[in-house]
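From first to last, the protein sequence lines are chains A and B. Start counting the first sequence at 36; every next residue gets the next number (this note's numbering). Start counting the second sequence at 3; every next residue gets the next number (this note's numbering).
Simulated from the structure, these hints should not be mistaken for lab results. Take the hints with a grain of salt, since some may be wrong.
Claimed, not checked - Cβ-to-Cβ under 10 Å is the rule here; a few derived chain B residues that face chain A: (1) G51; (2) S56; (3) V72; (4) G84; (5) G86; (6) I130; (7) G133; (8) E199.
Using N, Cα and C, we set each Cβ at its ideal position, and we do this for glycine too.
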Amino acid sequence: MDINWPLKIYEVLKKNNIRQIAYVPDAGHKSLIEFCQNDKNMNMVSLTTEEEGMGLLAGAWLGGEKGVLLMQSSGVGNCINALASITRACNFPLLMIVTMRGEWNEFNPWQVPMGKATEKVLSALDINVVRCEKAEEVQDTVYAMMGLAYKSNCATAVLLSQRLIGSKAFKE
Amino acid sequence: MQNYLLNRRYVVTQLLKNRKNSLIINGLGGTCWDVASLGDNELNFYVWGGMGNSCMIGLGLALSQTKRKVIVITGDGEMLMGIGSLATIAVKQPKNLSIVVFDNELYGETGNQKTHTGHCADLSGIAIGAGIKNSSIIKTNDQLLSLSSNINLIKELTFSQIKINNEEGSLVLPIREGAYIKTRFRKAVLGEAILLE
Numbered sequence: 036m037d038i039n040w041p042l043k044i045y046e047v048l049k050k051n052n053i054r055q056i057a058y059v060p061d062a063g064h065k066s067l068i069e070f071c072q073n074d075k076n077m078n079m080v081s082l083t084t085e086e087e088g089m090g091l092l093a094g095a096w097l098g099g100e101k102g103v104l105l106m107q108s109s110g111v112g113n114c115i116n117a118l119a120s121i122t123r124a125c126n127f128p129l130l131m132i133v134t135m136r137g138e139w140n141e142f143n144p145w146q147v148p149m150g151k152a153t154e155k156v157l158s159a160l161d162i163n164v165v166r167c168e169k170a171e172e173v174q175d176t177v178y179a180m181m182g183l184a185y186k187s188n189c190a191t192a193v194l195l196s197q198r199l200i201g202s203k204a205f206k207e
Numbered sequence: 003m004q005n006y007l008l009n010r011r012y013v014v015t016q017l018l019k020n021r022k023n024s025l026i027i028n029g030l031g032g033t034c035w036d037v038a039s040l041g042d043n044e045l046n047f048y049v050w051g052g053m054g055n056s057c058m059i060g061l062g063l064a065l066s067q068t069k070r071k072v073i074v075i076t077g078d079g080e081m082l083m084g085i086g087s088l089a090t091i092a093v094k095q096p097k098n099l100s101i102v103v104f105d106n107e108l109y110g111e112t113g114n115q116k117t118h119t120g121h122c123a124d125l126s127g128i129a130i131g132a133g134i135k136n137s138s139i140i141k142t143n144d145q146l147l148s149l150s151s152n153i154n155l156i157k158e159l160t161f162s163q164i165k166i167n168n169e170e171g172s173l174v175l176p177i178r179e180g181a182y183i184k185t186r187f188r189k190a191v192l193g194e195a196i197l198l199e
């Protein structure tokens with residue numbers, strides 16, 4: 036029995052009143068983006084580069100709304116200064132859901148260095164990181180990291196491993 | 003060297019004299035001191051870092067507070083660093099957001115090196131190209147006053163590039179503690195109960 040983990044993430048976001056969905060598309064996020072796009076209570080913001088997400092979600096929180104940033108692991112590299120100098124500098128809450136590249140059976144060698152650096156870079160910025168390898172972990176992990184972000188003013192990232200994504204989205 | 007008529011402190015004074023309860027986001031550097039020079043205000047979110055993201059903070063705020071006017075006041079260098087955000091903002095077309103760029107064609111905080119607008123970049127043209135139809139360049143006092151006289155009543159997305167000279171005002175530094183600025187702003191906008199959530 037396969038778990039539809041993108042649907043589970045969407046349900047967690049909806050249930051917890053996540054309103055601003057910032058994203059740079061990734062194949063691994065395709066289904067989740069579509070679920071969110073079809074929800075009129077969710078405001079989709081397509082970014083030209085991932086670091087715009089730190090500003091957007093800081094502004095959202097200043098105005099009383101919660102959000103999430105969906106991106107691929109390479110996007111984490113684009114975010115470094117904004118994560119440090121906006122999110123961390125002001126203790127803004129932040130929830131990022133990152134689809135990993137450059138690991139499980141990656142065919143593009145240009146993806147590998149940033150994929151390997153993703154978790155280290157986030158940890159260097161004192162961001163709370165949890166990695167999901169299995170579909171059954173995803174729902175609880177997203178819920179828990181959202182809580183850490185929005186109840187305790189933490190910056191958090193859920194990394195969805197390429198093994199997990201590859202076993203679902205790419206084959207369908 | 004540019005020799006524009008308008009002085010930045012005069013411009014900020016005119017722009018914000020009718021702000022009412024508008025929410026203000028500044029860019030880091032000169033525009034931060036400009037906003038601070040008018041006196042502290044809980045409805046100012048002073049940005050001290052993360053160059054290139056001021057307009058995006060303005061977008062997130064405008065989307066969450068649709069009934070409040072949001073004004074971003076930033077500089078040419080800061081705007082250039084986040085130039086893609088104009089495309090992101092244009093897609094959303096928030097009616098309550100006005101972006102104002104103080105353009106002195108210089109990186110003022112780092113030794114007055116020339117920015118791209120001092121060479122050939124046309125910011126208001128870029129804004130139009132990104133999809134912000136109401137984009138203009140302001141060089142005269144009359145043009146400035148027609149923007150500033152009703153800025154809190156404008157109900158469409160606007161982009162105003164104001165050419166300013168390089169006369170500097172006195173250095174007025176606002177509070178720096180980010181978490182405090184954030185929490186104070188949220189309390190002022192959302193009410194004290196928000197602190198207990």
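Here is how each hint holds up against the structure:
{"no.": "1", "hint": "G51", "result": "holds, 4 Å"}
{"no.": "2", "hint": "S56", "result": "holds, 7 Å"}
{"no.": "3", "hint": "V72", "result": "holds, 8 Å"}
{"no.": "4", "hint": "G84", "result": "holds, 7 Å"}
{"no.": "5", "hint": "G86", "result": "holds, 3 Å"}
{"no.": "6", "hint": "I130", "result": "violated, 17 Å"}
{"no.": "7", "hint": "G133", "result": "violated, 12 Å"}
{"no.": "8", "hint": "E199", "result": "holds, 9 Å"}
The structure is inconsistent with the numbered hints 6 and 7, although it conforms to all the rest.
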